[in-house]
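Starting from the structure of chain V, add chain B where the hints point.
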Amino acid sequence: MSIRQKLLYLHAATPSVRSEIIAMAIHEPIKNSTTQIENSNIEWTYNSVHDAIVNGWRVIHFPQQRAPFEDKEVDVMGYEFILEKLEDNFDQ
Amino acid sequence: MINNKHLLDDKQIFEFIINGYMILNPKFPSDLDETIYQKADALKINPGDNILDEIPELNNVWSNPKVKGILQSLLGSTYTMNSHRHCHMNEPGSASQTWHQDGVNERHHEIKTILGMYYPEKVTNKMGPTAIVPGTHFRNAPSDRLATYGNFRDQILGTVEAGSIIFLHYDIWHAATSNTSNKTRYMFKFLFNKNDQATAPSWNHDPNQAIKNFGSLLITKVCRSAQSDFYKEKKLREKMWDNMTGGIKLNFPRDEWSGKRRTKKTAMM
Numbered sequence: 001m002s003i004r005q006k007l008l009y010l011h012a013a014t015p016s017v018r019s020e021i022i023a024m025a026i027h028e029p030i031k032n033s034t035t036q037i038e039n040s041n042i043e044w045t046y047n048s049v050h051d052a053i054v055n056g057w058r059v060i061h062f063p064q065q066r067a068p069f070e071d072k073e074v075d076v077m078g079y080e081f082i083l084e085k086l087e088d089n090f091d092q
Numbered sequence: 093m094i095n096n097k098h099l100l101d102d103k104q105i106f107e108f109i110i111n112g113y114m115i116l117n118p119k120f121p122s123d124l125d126e127t128i129y130q131k132a133d134a135l136k137i138n139p140g141d142n143i144l145d146e147i148p149e150l151n152n153v154w155s156n157p158k159v160k161g162i163l164q165s166l167l168g169s170t171y172t173m174n175s176h177r178h179c180h181m182n183e184p185g186s187a188s189q190t191w192h193q194d195g196v197n198e199r200h201h202e203i204k205t206i207l208g209m210y211y212p213e214k215v216t217n218k219m220g221p222t223a224i225v226p227g228t229h230f231r232n233a234p235s236d237r238l239a240t241y242g243n244f245r246d247q248i249l250g251t252v253e254a255g256s257i258i259f260l261h262y263d264i265w266h267a268a269t270s271n272t273s274n275k276t277r278y279m280f281k282f283l284f285n286k287n288d289q290a291t292a293p294s295w296n297h298d299p300n301q302a303i304k305n306f307g308s309l310l311i312t313k314v315c316r317s318a319q320s321d322f323y324k325e326k327k328l329r330e331k332m333w334d335n336m337t338g339g340i341k342l343n344f345p346r347d348e349w350s351g352k353r354r355t356k357k358t359a360m361m
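Line by line, the protein sequences are chains V and B. Numbered per this note's numbering, the first sequence spans residues 1 to 92. Numbered per this note's numbering, the second sequence spans residues 93 to 361.
Take these hints with a grain of salt, some might be off.
Claimed, not checked - Here are some chain V residues the structure puts well away from chain B; computed CB gaps all over 10 Å: (1) R18; (2) V54; (3) R58; (4) L86; (5) E87.
As the list claims (entries may be wrong) - Subject to a maximum C-alpha distance of 20 Å in a straight line, what follows is the list of computed EDC-like cross-link-like pairs (lysine to aspartate or glutamate): (6) B/K275 - V/E38; (7) B/K160 - B/D101; (8) B/K331 - V/E70; (9) V/K72 - B/E198; (10) V/K72 - B/E330; (11) B/K326 - V/E70; (12) B/K331 - V/E80; (13) B/K160 - B/D288; (14) B/K131 - B/E253; (15) B/K313 - V/E73; (16) V/K6 - V/E73; (17) B/K158 - B/E107; (18) B/K326 - V/D71; (19) B/K324 - V/D71; (20) B/K327 - V/D75.
For the record, the hints were derived by calculation from the structure and aren't laboratory data. Beta carbons: idealized from backbone N, C-alpha and C, even for Gly.
Extracted from the complex, chain V is given alone in its bound form (with noise of 0.2 Å):
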């Protein structure tokens, strides 16, 4: 049996593990799955990405601090924190 890759975007208001969570995406390794905006209420699981490295999720992906930036302007939002999951494929 093989291993699948489940994938966890967070994205924190800081660089820090500690920071809380603004946004959060969710993508199950399964095909035709979809991650999509909500329109009913959505339950926030993690308030840290601390929180989710609790729960067994590995980050594979950490914002780099030394990151351009603008003096005095603004544009996407948080860092970008991609945590990952391996899971049994049942489907081979």
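This is chain B only, laid out in the frame that chain V set:
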């Protein structure tokens, strides 16, 4: 000429600058909303920019005095309707869009264009309401860079009554959500352009009321983000106010700590 009673006041202008959107239900005659809905539902093809030829009743929406009052307040009395417009048909079973800005990332701190989204029928959360991230109209971010965002903590859904209009700053982050109902959701998007730079407020400006509410620009946080972004955002709000008023400076007391009683818990900096 618009009757002044239909213009916004300073508090409403500040709210728009902060949020980047506002919702109005002008209470059109109910047969207007129903007629437009039925005609939209009977369209064989989407006529795109020619939607007014197919549904001329839409002219009554944008000529409503309350609607014109808001547009004049935000864009000045010389605003005009853009030739681009679109009937967005969100069919049952649709997937949500990804977050996007309709603008093309031209850096500015003005209201150059307003998106007017008219919904002829009540929109419930299951009917694919438009989702909006408040305050993001100051963020100059190409839409492809928004692709990895899922749900925001502070996103709002445009669940509205029949005949409502959502007015949005052209650069605000928004998206249609999935329609999980069995009814098509129609939204008519029209654009309105500012044609002249303001030399004075185009709304019911009252300096006393403005000073009373000016602080909202400096303290109101409508979407969680980095604190350093919030400091910048406050400056950008002030720039927008300056642009809209033709440069009216308010003598607002900026030292928010001045006069506050010291408590034992307050650390001395």
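Exercise. Hint numbers the structure violates, sorted upward?
Worked result: Hint check: 12 and 16 fail, others pass.
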